[in-house]
Structures are given as C-alpha cells and as structure tokens.
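Note that the protein sequences, when read in sequence, are chains Y and S. Using the working numbering, read the first sequence as starting at 1 and increasing by one per residue. Using the working numbering, read the second sequence as starting at 1 and increasing by one per residue.
It cannot be assumed that every hint is accurate.
One copy or two, either will do: identical chains are not told apart, so a pair holds if it fits within one copy or between any two.
Taking lysine to any residue pairs in the SDA-like style, the calculated list, with each CA pair at most 25 angstroms apart, reads [what the hints assert, rightly or not]:
| no. | residue 1 | residue 2 |
| --- | --- | --- |
| 1 | K59 | N175 |
| 2 | K59 | R110 |
| 3 | K277 | E58 |
| 4 | K277 | A376 |
| 5 | K239 | R21 |
| 6 | K239 | S335 |
Derived by calculation from the structure, the hints in this document are not laboratory data.
Number of protein chains: 2
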Amino acid sequence: MTTTALLTDQYELTMVSAALRAGTANRSCVFEAFARRLPDGRRYGVVAGTGRVLDAVEKFRFGDAELAALDGIVDSDTIGWLADYRFRGEIDGYREGELYFPGSPILTVRGGFAEAVILETVVLSILNHDSAIASAAARMVNAAAGRPIIEMGSRRTHEQAAVAASRAAYLAGVNATSNLEAARTYGVPSAGTAAHSFTLLFAQPDGSDERAAFAAQVEALGTETTLLVDTYDITTGVKNAIEVAGTELGAVRIDSGDLGVLARQVRQQLDDLGAHKTQIVVSGDLDEYAIASLRAEPVDLYGVGTSVVTGSGSPTAGMVYKLVEVDGVPVAKRSSRKESHGGEKRAVRAARSTGTIVEEILVRASNSQAPVSGTAGLDVTEMQIPLVRDGERVPGLPTLEESRRYLARGLVTLPWEGLGLSHGDPAIPTRYLNEPESR
Amino acid sequence: MTTTALLTDQYELTMVSAALRAGTANRSCVFEAFARRLPDGRRYGVVAGTGRVLDAVEKFRFGDAELAALDGIVDSDTIGWLADYRFRGEIDGYREGELYFPGSPILTVRGGFAEAVILETVVLSILNHDSAIASAAARMVNAAAGRPIIEMGSRRTHEQAAVAASRAAYLAGVNATSNLEAARTYGVPSAGTAAHSFTLLFAQPDGSDERAAFAAQVEALGTETTLLVDTYDITTGVKNAIEVAGTELGAVRIDSGDLGVLARQVRQQLDDLGAHKTQIVVSGDLDEYAIASLRAEPVDLYGVGTSVVTGSGSPTAGMVYKLVEVDGVPVAKRSSRKESHGGEKRAVRAARSTGTIVEEILVRASNSQAPVSGTAGLDVTEMQIPLVRDGERVPGLPTLEESRRYLARGLVTLPWEGLGLSHGDPAIPTRYLNEPESR
Numbered sequence: 001m002t003t004t005a006l007l008t009d010q011y012e013l014t015m016v017s018a019a020l021r022a023g024t025a026n027r028s029c030v031f032e033a034f035a036r037r038l039p040d041g042r043r044y045g046v047v048a049g050t051g052r053v054l055d056a057v058e059k060f061r062f063g064d065a066e067l068a069a070l071d072g073i074v075d076s077d078t079i080g081w082l083a084d085y086r087f088r089g090e091i092d093g094y095r096e097g098e099l100y101f102p103g104s105p106i107l108t109v110r111g112g113f114a115e116a117v118i119l120e121t122v123v124l125s126i127l128n129h130d131s132a133i134a135s136a137a138a139r140m141v142n143a144a145a146g147r148p149i150i151e152m153g154s155r156r157t158h159e160q161a162a163v164a165a166s167r168a169a170y171l172a173g174v175n176a177t178s179n180l181e182a183a184r185t186y187g188v189p190s191a192g193t194a195a196h197s198f199t200l201l202f203a204q205p206d207g208s209d210e211r212a213a214f215a216a217q218v219e220a221l222g223t224e225t226t227l228l229v230d231t232y233d234i235t236t237g238v239k240n241a242i243e244v245a246g247t248e249l250g251a252v253r254i255d256s257g258d259l260g261v262l263a264r265q266v267r268q269q270l271d272d273l274g275a276h277k278t279q280i281v282v283s284g285d286l287d288e289y290a291i292a293s294l295r296a297e298p299v300d301l302y303g304v305g306t307s308v309v310t311g312s313g314s315p316t317a318g319m320v321y322k323l324v325e326v327d328g329v330p331v332a333k334r335s336s337r338k339e340s341h342g343g344e345k346r347a348v349r350a351a352r353s354t355g356t357i358v359e360e361i362l363v364r365a366s367n368s369q370a371p372v373s374g375t376a377g378l379d380v381t382e383m384q385i386p387l388v389r390d391g392e393r394v395p396g397l398p399t400l401e402e403s404r405r406y407l408a409r410g411l412v413t414l415p416w417e418g419l420g421l422s423h424g425d426p427a428i429p430t431r432y433l434n435e436p437e438s439r
Numbered sequence: 001m002t003t004t005a006l007l008t009d010q011y012e013l014t015m016v017s018a019a020l021r022a023g024t025a026n027r028s029c030v031f032e033a034f035a036r037r038l039p040d041g042r043r044y045g046v047v048a049g050t051g052r053v054l055d056a057v058e059k060f061r062f063g064d065a066e067l068a069a070l071d072g073i074v075d076s077d078t079i080g081w082l083a084d085y086r087f088r089g090e091i092d093g094y095r096e097g098e099l100y101f102p103g104s105p106i107l108t109v110r111g112g113f114a115e116a117v118i119l120e121t122v123v124l125s126i127l128n129h130d131s132a133i134a135s136a137a138a139r140m141v142n143a144a145a146g147r148p149i150i151e152m153g154s155r156r157t158h159e160q161a162a163v164a165a166s167r168a169a170y171l172a173g174v175n176a177t178s179n180l181e182a183a184r185t186y187g188v189p190s191a192g193t194a195a196h197s198f199t200l201l202f203a204q205p206d207g208s209d210e211r212a213a214f215a216a217q218v219e220a221l222g223t224e225t226t227l228l229v230d231t232y233d234i235t236t237g238v239k240n241a242i243e244v245a246g247t248e249l250g251a252v253r254i255d256s257g258d259l260g261v262l263a264r265q266v267r268q269q270l271d272d273l274g275a276h277k278t279q280i281v282v283s284g285d286l287d288e289y290a291i292a293s294l295r296a297e298p299v300d301l302y303g304v305g306t307s308v309v310t311g312s313g314s315p316t317a318g319m320v321y322k323l324v325e326v327d328g329v330p331v332a333k334r335s336s337r338k339e340s341h342g343g344e345k346r347a348v349r350a351a352r353s354t355g356t357i358v359e360e361i362l363v364r365a366s367n368s369q370a371p372v373s374g375t376a377g378l379d380v381t382e383m384q385i386p387l388v389r390d391g392e393r394v395p396g397l398p399t400l401e402e403s404r405r406y407l408a409r410g411l412v413t414l415p416w417e418g419l420g421l422s423h424g425d426p427a428i429p430t431r432y433l434n435e436p437e438s439r
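Could you build the full structure based on these sequences and the hints that come with them?
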C-alpha cells in the first residue's frame, strides 16, 4: 500500500505538534471543503474526486520511512502520535457527479482537530484537480450535443494527473480515454487512432508512402480502425484511405486546419466514394467553444486533449478546507476579503415539480431535520450523504458508472441558461439560513 | 519498482502492433521533443523534468499485470514484444534548467520506431508539466528580485503533480516548498507557517483567543516561527504576536487584504513595538505580477500557491514529440497549420562576448562538427548533452542543485527585455540552417 501521508503541507504537522503540546489536538472539530466561487464565469461546478479522496484517506498512514523523513520537522511526541494515526472520524459529502455552487459544502470532515487537519492538503489536491477537469469536461459534453468525445490529453499534464483526469472526464460524460492506466485502474473505456509518426515511418528516400502506412494499420487493426488522413494532403489522404481500406473503413481523423470546412469537404468526398458509413473524427486544440462551433458540421467524434486536462482555462477548482466548528462553537475567519460562514452546515437544494432546480440553501446543521423555510411548493433534496463512519468507508457508495449517470441526470435539472457556455452568474443562488455568529 | 508503462496512450501500442506486423517496427528513427511556440507571450521557457523523464524511461517495463491489462488491445505478438521491452536507444537533450525557445529540440530520442514511439506520452507528460511550472516560477523568482519565495500550492493541483511542481519550482529558484513528499523525494527544503484553523481552534464559547493560539505555536516551534496575524483583526494580531512571542519573533504572515498597504502598516507597527527583525511574509493569490507590484513594499518573503502550480495561466508547455528522421531520411508532416522541420537537428546558441545570448540556431545534425555560419565573433555553445547511451543513463548528469544554479546563471544571459513580465516575442530568434527537404 502506497502511503499518501506525505502528500501534505508541512504546516499541518507542525500545527498538530503545537496542538498536542497545548492539549487542543483532540478538540472536536468540523472542517468543510467548499469553493468560494466558481471559476471564470462558470454557471456550475461538477464534484469529482470523492472516491479518490476516500482511497487517499484509507492510505494516509505513516510508516517508518515517512516518520524518518519527519525527523527534525516535528518532535518525538508528534512522531509517536503520527505512528498510530489513522482517521477515525466521520466524513459526509456531495456525491461524485453532483453539481455544486459557491459555498456548497462538498465535503464535511468531523473528528479531532489533529486527525482532521492533516487531511487538508490531500483532500483539496484531489477535489480541486478532479473537479476542475470534470467541470470543464461536462461543458464539452454538453457542447457536443450527443456526439461522443474521446479524451486524449495525457501528454499535456502530469503523468499521474493524466490518469485522474481521464477518470474525471469520463465521470463528466466523455466516452473514452486514450490513457491505458485509467483503463486499467478505473475501467474507463480506452480508444485510440494513430499518430502522424506512423504514416511518416513508411517514408522512403524517394518519397512518402501513405498507402503503405494505411495498409499496415488496416492489416493489424481491421477496417474498423481510424486512419489519420492529414499527414500530407487531406484529399489524397482520404482517397488513399478508402482505396486501401474499402468503403467499410471505420473512420478518418483530421487533426489540423479549419476543421469545419475540412469536415464538410471530407464528408462529401467520402460520400462520393461510397463510404457513407465511414465516420469523421476531428481533433486539434478543441475546447467547448470549438466543439460548439462544429455542431452543424458533419463530425462524428471529437478528440479533446489540452483543454480538458487543464480545465479549459480553470485548472483548479479553488476549493478550500476550513475549520467551521470547535466543540460545537461556530468559528470563522473574520478578516476582510475572505469571509467564511461559521458553523457546520446542512445543504439542501430546492427544485420545482418539473425537476428544475431553483436554489441551494445552507442551513445551520443543528437544525438537521427541520423543514427549510422559504421552500413551500418546492421539492427539497438533502445534498450530503454519509461517506465515512468511525474511520471506515460506508458500504455501497456509488460506483464511477453510477456517478456518471447521476451527473447526466443532474445536468438536466439546471435552469436552461445554466447550460450555456457564456460567462455569467451561478445557475442558481445560494442562501444561508439560521447563520450563527462565529467566534 | 512502480512501472510507468501504462502512462501511455493506447495508439502508441496499436501502432507498435501494426509496425511489427508490417516489418517496420525496427526502422531506425529519431524523435524530437520541442515546443512550437512559447505560451502566452512568454519570452523564454525553462526546461524541467529531464531527470524525471530518465527515471520514467528506466521504469518503463511491462510486467504480467500490465500485459494482462493489454489483452484485447494488442495481439499476442505485440504482448510478447512488450514483455521483453526496455529502451535500448540513445537520448540527448537540453540540460534541466536550460532556457528554451520555439523549436528548441529539448529531447532527442534515437532508436527503433517501436521502442521510441511508446515513450511519447510519458516523456511529454513530464516535460510539459514540469517545464510549465518551472517557466512560471522563474518569472516569479525574477519578479521577487532576490527576496525568497516559498511554494505552497500543493492543494491546488493533483496530489502527485504537486510533488513534481515543488521540484520544478525549486529548480527555477524558489527557495522552499510546503510539500513534504517533495522534501523527502527530491531534497527540496521544506517550510511552513500555520493556518487560520489553528488560531480558530483556540476559540471558546465566549469568544476567540488568538493569544492562546500564538502562545501554543511559539511554545512548540520557538520564537523563530511565523505567526499568522490576519484571522481576526490584523493590528490586534500583530500586537498579540509580539506580546506573546517577544520582539525576537521570526515573522508574521498576512494572507488577505491589500498586501502592499498592510505590509507597510505592519512594518511600522512592528518597528514601533521594537520588533525590527521580525519579518513579514505575504501570501494569497500571488503571481509574478502581484509579486512585482510589491517590490517597493517592506515584504521579506512571498508564499505562492495556485499560480505557480498551475503555470500562471499556462498549465502546459505544449511540447510535442515528433518523428523527424527514418533510416536517415528526413520526414515531416506537411499539412497546413502544424508544419514541422524534418531531419535530426543539432542546436547551438550564439552569445556576445558579454555573455548575452543573441540567437538559437538549429542545424541539420549530420553537420555535427561543422562551424555554424553567421556566428562570426560570437561564442557558440552546443545545447544538447548525452543523457542515455545503449539504454543506460549517462553517469554524472547534473543534480537538481546543479541544474538550479545552471538556470540562475542562464537567466543572466538573456537580453534585458527578455526578463520583462510583459507579453512579447521570444527573447531571441530561432534560425534553421541547412534544412533538408522532408519526405
């Protein structure tokens, strides 16, 4: 078991050390992870990474090697405490695949101060990365309007981040990934075409030989394969592709140029050649806007890379992990710019009978069973589910496939303007109810 | 040994499969990794990740578990080939910490087609991520003009990307990291202060108790510690900090508000209290521009987070890995928008006798010892060094510390406008010499 314990900021362990010495390490605390705002004019965010957070919490253990690395950073009492550490508290949270808005308490961690504070970095790393990817990918899936998308961005991000990005993009509705580790670890369907290098490989001193490359690919992978037709001249490439593979060829891919114009030309050419079923795959710096702009064109499948794995301009979800309650007393930072709302919060979402959501309401959690005022005539849904009890993962949590379907249904509940690509306010407002005064 | 073999796009393995069947898998190939352009108006890029690339190449082996995962994706002949795989070719490249410009051949991989093409994804993932971080961090280090910077962005990026980001930022001249795994794995100096949660932890039902929190921290960590003074009221926080810790307190940290104004106020207050040596640490959404804007203020240390780990607007370096030569024949994609320069290239950089660099020149590599035309009166430096021979890492490659010093010296060689923060052209032009015609 690879430990996650050092994927942690040093100050968390020095705070543990100071709290142990001061006798406050076991004060009963509530931390909430939330985003103060949505990035970049987005209308909604998509929660992703919860399953990976729970994996990381289970693996958050300090072995001898980790403890040795902390020598000189914390004192021996702290080393002893860390040696025995495992999380024994409670975690509630939004489902993976749930929509979120500013303030939504995506994860609530209850436990002693020390045991909960040291999870801060790894919890946020995972939620911030995975939610940024899923939030961007969901917009691309919407823009594609039912056409499938392959995520092929591994090469544009950290090699392990790529695996998590594939998972998050799949959660958001992308159909497949190029990343083989994501296929192995998370069961994401994998897919692929071919690179320009494969066509170039067949070049001879006296010239290129695209047909030899296509023939080799069809021989190995069958006529259902996708041939990359833009290494040299696209029109010739399409002609070569169909001559070599026949009219049953699976697809051709175009990776450069004006994709809309080219898609129309290639469709016409394929149809003229009798290859009516041969599909057109486009790729090359596609983001949600480029995908939307191709909606009227004869494109069958999008390959997206850089934009999805970098969150399409918003590579982090900007979530924070804040202490909101100590021994039942609401607490909050009170300095100017980063005001927080103290006290543990219960989150509910109100929807019309049509299913369209209208408001998120954060209620002081001590009112956990009370009806929520101002929601007459609306359906009210509790947003959090139990994730960890007594340090153990709650059985029967949603699988990745279930979360993927959950998000697909959730997106339909957004007010219509919430699915637009233009910048604007969050799709629904967040209201705070029965807010306590914080210390 | 954790394998890196599945950190790979599926199409690389299906191309291997097709090339094996076509008898072209062992054609002698040269791949080059380079960036077509610098991101976002940047004047230079910083090469980072080379050391991690070499680690990843060593660990690129297919064990039984990996081969089992590929069942159904490639045929049994390919499985057999992968089972025996290890890279046996040659790699040359720019040093880590080297400046790069559009077209610079940062890494050149020579080997059979199959053995070299399957490294594409993991090589690019590492170079694109690490170079994006180092390139952004170098600008921040320059903007800080000698004042130290702590990288504390782990929570804003994927949990493993955070470790690599710490390494890359340190390479670029950042002084320390909050990330404990980066400290353990790469020897990056670690540092930390405290979070608002620590101060809030000491709240009581009848009110806050910032002094108790400060006293606990000083008790555990000594007066050299850094106290976070903006949980409640900053002026009161500074007063409490000095009353509790004395005038020998190491530093106070301000994490919100108008940092310039606050730094001046706090400096005045500290001086009035006699705490002349107590330093001021600022943090909170700092990027290179915010750092530069604080140059005239009494700030002693910057804490940077989101902006550094996300490449300050450019989270990927956009490098590509292109086949440029097959059996000695230059090859290049010839379609419209993404033209490449075929043929293996030797890279040299010309500098005035003052050390200021003036031009990067990419010469057909077959002229590997010839003088470079157009460089009379200039000092000419070869840019690539051997990194791998016969599949083995060349001994004596630069350490992280050496690469860090190398970059610090390299930045001094930029023309003066190259160190500016404003958007513009690359600091020096790139010239192609003796370009062959590609197939």
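Results of checking the hints against the structure:
1. K59 to N175: neither (30 angstroms within a copy, 30 angstroms between copies)
2. K59 to R110: Only inside one copy: K59 and R110 sit 18 angstroms apart there, 40 angstroms across copies, limit 25 angstroms.
3. K277 to E58: Answer is neither: 49 angstroms inside a copy and 44 angstroms across each miss the 25 angstroms cutoff.
4. K277 to A376: neither (53 angstroms within a copy, 61 angstroms between copies)
5. K239 to R21: between (76 angstroms within a copy, 24 angstroms between copies)
6. K239 to S335: Only across copies: K239 and S335 sit 16 angstroms apart there, 67 angstroms inside one copy, limit 25 angstroms.
Consistency note: the structure conflicts with the earlier hints numbered 1, 3 and 4.
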